[in-house]
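Student: What follows is each chain in one-letter form.
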Amino acid sequence: MEYFLQQLINGLTLGSIYGLIAIGYTMVYGIIGMINFAHGDVFMVGSMVSFIVLLALGVTGGSGAFMIIFALALVVVIAMLIASVYNWTIERVAYRPLRGSFRLAPLISAIGMSIVLQEFVRIAQEGRPKPMQPLITGGYELMHRTLAEGGDFTVKISNMQIMIIVSTLVLMTVFTMLIQRTALGRAQRACEQDTKMASLLGINVDRTISITFILGACLAAFAGLMFLLYYNVTDFFIGFLAGIKAFTAAVLGGIGSIPGAMLGGLVIGMIEVMWSAYFSVEYKDVAAFTVLVMVLIFMPQGLLGKPEVEKI
Amino acid sequence: MSVAPKNNSSSDDSKALTTSALTKDLISTAIITLLVLIPIVAMKTVIGQGIISIVYRFGMAFALTGIVVGTRLFLHLFVWHKAPSAGSKSTLTSGLKSVSFSETITKYIAPGLLIFALLFPVFTFFHPIWDKRVMDLAVYILIYIMLGWGLNVVVGLAGLLDLGYVAFYAVGAYAYALLSTVYFPQWFGTGILPWAFYITLPVAGLLAATWGVVLGFPVLRLRGDYLAIVTLAFGEMIRLVLVNWFSFTNGPQGISVPKITFFGLPFKDAPGSFSDFFGIQFNRIHFYIFLYYVILTLALITYFVTKRLRRLPIGRAWEALREDEIACRSLGINTTTTKLTAFAIGAMFGGFAGSFFAARQGFVSPESFVYIESALILAIVVLGGLGSQIGIVFSAIAIMGSFELFREMDFMKVVLPSGTEPIQFRMLAVGLAMVLMMRFRPRGFVTKREPTVFLKEKKSVSGDLVAEGHG
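Line by line, the protein sequences are chains B and F. Our numbering applies: residue 6 is where the first sequence begins, and numbers increase by one. Our numbering applies: residue 621 is where the second sequence begins, and numbers increase by one.
Same shape as in the complex, but just chain B:
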């Protein structure tokens, strides 16, 4: 029971990260109907930029709490800005000119873009993983089981995990408000429903699409920072696996649905952690991929999505 509880906490943490990336996939899919294959690599860029800025600022786990909070706030802003610039540029250069081209063109372009981003970072920053000293340490003991009760085991939640879960919650709330309450969110939802009609009613579709990419990149950059702080390592290739899993999360939650993406992220995180804990660590990625395949075959509309109607 205690062991399960611990895995639940770990799964929640990992799932939050996946959920944040998944939102980017789901929004872009909702609005232009394509998989932004390079989104996982935008997440990687966010993580890499966070690493670089943290290093440049010179904060370590030993710096004062105030210093760390200040540095992290700065890193969040910079990472989001840079990742947004990347995603915006990608959309302008690689996707926008291809609207109205044949079916596979944007996807192939996206795959090319993903390769470009990975290789660009690999060449500029060397291929080796970048390790980092833990920045946020400490945590709380939630539960303790003694040897007499059947094995020594302590359920812990680290400060880092609290931070990830709480900040994801906050970010999600802000984001949901943004989509539901503001004019920007209204335009975004309108484009999602019917691009042509939205543009007839005076919505600047190009701009809305750009903003969608920027919002997705912000969330991905935040996830990248969390990933870096949680695992204390980053490299140019993390976007690949995280990207596929986040995409799985988006599909599982119902592509196009933002709460669905978050929910899907949590489920995928849970499955991955539970699988590693109870079955085998080696096959945890296989488990996640199997979920993807199963969902697509048996439940293509996902948990919260609407069934796709094929229009001629």
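Please keep in mind that the hints were generated in silico from the structure rather than gathered at the bench. Be aware that one or more of the hints could be misleading.
What the hints assert, rightly or not - In the SDA-like style, the derived pairs of lysine to any residue whose C-alpha atoms are separated by at most 20 Å in a straight line are:
#: 1; chain 1: B; residue 1: K135; chain 2: F; residue 2: K664
#: 2; chain 1: F; residue 1: K664; chain 2: B; residue 2: I128
#: 3; chain 1: F; residue 1: K927; chain 2: F; residue 2: G732
#: 4; chain 1: B; residue 1: K135; chain 2: F; residue 2: I674
#: 5; chain 1: B; residue 1: K289; chain 2: F; residue 2: G871
#: 6; chain 1: B; residue 1: K161; chain 2: B; residue 2: A282
#: 7; chain 1: B; residue 1: K135; chain 2: F; residue 2: I667
#: 8; chain 1: B; residue 1: K311; chain 2: F; residue 2: L842
#: 9; chain 1: B; residue 1: K289; chain 2: F; residue 2: N864
#: 10; chain 1: F; residue 1: K879; chain 2: F; residue 2: I909
#: 11; chain 1: B; residue 1: K135; chain 2: F; residue 2: G668
#: 12; chain 1: B; residue 1: K289; chain 2: F; residue 2: P872
#: 13; chain 1: F; residue 1: K879; chain 2: F; residue 2: Q981
#: 14; chain 1: F; residue 1: K664; chain 2: B; residue 2: E131
#: 15; chain 1: B; residue 1: K135; chain 2: F; residue 2: R677
#: 16; chain 1: B; residue 1: K161; chain 2: B; residue 2: L13
#: 17; chain 1: B; residue 1: K135; chain 2: F; residue 2: S673
Since this is a predicted model, take the numbers as computed values, not measurements.
Start from chain B and add chain F according to the hints.
Tutor: Chain F in isolation, oriented as in the chain B frame:
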């Protein structure tokens, strides 16, 4: 038919460009480029003895920004805002011109290439510089041409984006590796080993095709983008199983396998070998020349089988499916079977190539079957022009050959920062080429799409004028 109006947007742009607008555009370009470059390029993290430090390279970032802005200025002044008369030269005529050009190509270049390919090893005798390295490169390129032709059935003809093609390549390679090292000696004794490749080849093809059906069956109802991700997931799954199923595949260490023999005669300096049997001087190049002809044969089989299949109802169904799935279904074509055959046939060629790869290398390990290989094969198909078989030959030669060239380009080191080799940029170039290709020539350089069945009159439509569902 929406053919003409497509290029109108570019002529709309050709209004006079004011200086202030130009300045604004260039400044925003500069800012964005700097934002892209500063953290990643200008602040390089270097892992030293236990400590990580940052090397600042702002000079390089500014230089690159300068290049980007300069290029954009050049494009503004001389390319994007040309006088309308020059700019509005109809794409239709140029499209038609390219059709006749490509007709010439398929008529003369294909047989020419074939003759050249057949005679290629002969040149090595006259030219002492062309040694086994050249032959090896030729074999290497031919493997990718074959893989490209195999994937072309799936992507180019049936329009199914398969990102896990390397999985079938892996199935073929491991089929050969496991059969020849473990099972054949068990079943038939070691005497069979010299023949292992020839026996395994069809088996490997069948196995790969079976895997193609097994993997394809559940997912082929999905639409294009989903299919791409699922095939990618399958490719990774097979690789992960190869890495982790230690007792069966020997994990990441891989398996050493017997190399290919000349129909039972091994290539080595010993009695009973190829050179001994024919009474000639032993030379390593015999091995490479033989490899060359084997892969050439396999590739040509792929080529001609695909070419013939295109004329059969199934091939026509593939192409119809690529153009419009809904129309296909309403005409009574069973889309699942059609997709499945494309998948299986593509996979089978992948399996053949994999088997050959293992027999050439003498070693297989999961490392050869990573996602980037799939992406590379896809890039070959895309750059060749989806669906064009001759195009794939050129793009495979261009990509693989340029990889070799990157290795040789020492003069580039003057321009590049210290510590980087030109060879590092190869995949970056491939990725960029894919993006640019989709942007400017989405249907390829030399390709055209010509219906194999037509009513009364044969109308060619240049590929780049056609969006999905038209033409």
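Student: Each of the hints needs a verdict: does it hold here or not?
Tutor: Taking the hints in turn, this is what the structure says about them:
Among the hinted pairs, K135 (chain B) with K664 (chain F) is consistent with the structure: their alpha-carbon atoms are about 11 Å apart, no more than 20 Å. With a C-alpha separation of about 10 Å, the suggested pairing of K664 (chain F) with I128 (chain B) holds against the 20 Å cut-off. About 17 Å separates the Cα atoms of K927 (chain F) and G732 (chain F), which keeps this hinted pair within 20 Å; it holds. Restraint check for K135 (chain B) and I674 (chain F): the C-alpha separation of about 12 Å stays at or below 20 Å, so the hint holds.
A distance of roughly 17 Å separates the Cα atoms of K289 (chain B) and G871 (chain F); the hinted pair therefore holds under the 20 Å criterion. For the proposed pair K161 (chain B) and A282 (chain B), the alpha carbon gap of about 16 Å is at most 20 Å, so the pair holds. Annotation: proposed proximity of K135 (chain B) to I667 (chain F) holds, straight-line Cα distance about 8 Å (limit 20 Å). Proposed proximity of K311 (chain B) and L842 (chain F) is supported: the alpha carbons are some 16 Å apart, at most 20 Å.
Note on K289 (chain B) and N864 (chain F): the hinted pairing holds, with a Cα-Cα distance of about 11 Å set against a maximum of 20 Å. A C-alpha spacing of about 14 Å is found between K879 (chain F) and I909 (chain F), which places the hinted pair at or below 20 Å, so the restraint holds. For the hint linking K135 (chain B) to G668 (chain F), the alpha-carbon distance of about 11 Å falls within 20 Å, and the restraint holds. With a C-alpha separation of about 17 Å, the suggested pairing of K289 (chain B) with P872 (chain F) holds against the 20 Å cut-off.
At most 20 Å may separate the alpha-carbon atoms for a hinted pair to count; K879 (chain F) and Q981 (chain F) meet this at roughly 7 Å. Taking the CA atoms of K664 (chain F) and E131 (chain B), the gap is near 8 Å; set against the 20 Å cutoff, the hint holds. The suggested pairing of K135 (chain B) with R677 (chain F) holds, with an alpha-carbon distance near 19 Å, which does not exceed 20 Å. For the hint linking K161 (chain B) to L13 (chain B), the alpha-carbon distance of about 11 Å falls within 20 Å, and the restraint holds.
A distance of roughly 11 Å separates the Cα atoms of K135 (chain B) and S673 (chain F); the hinted pair therefore holds under the 20 Å criterion.
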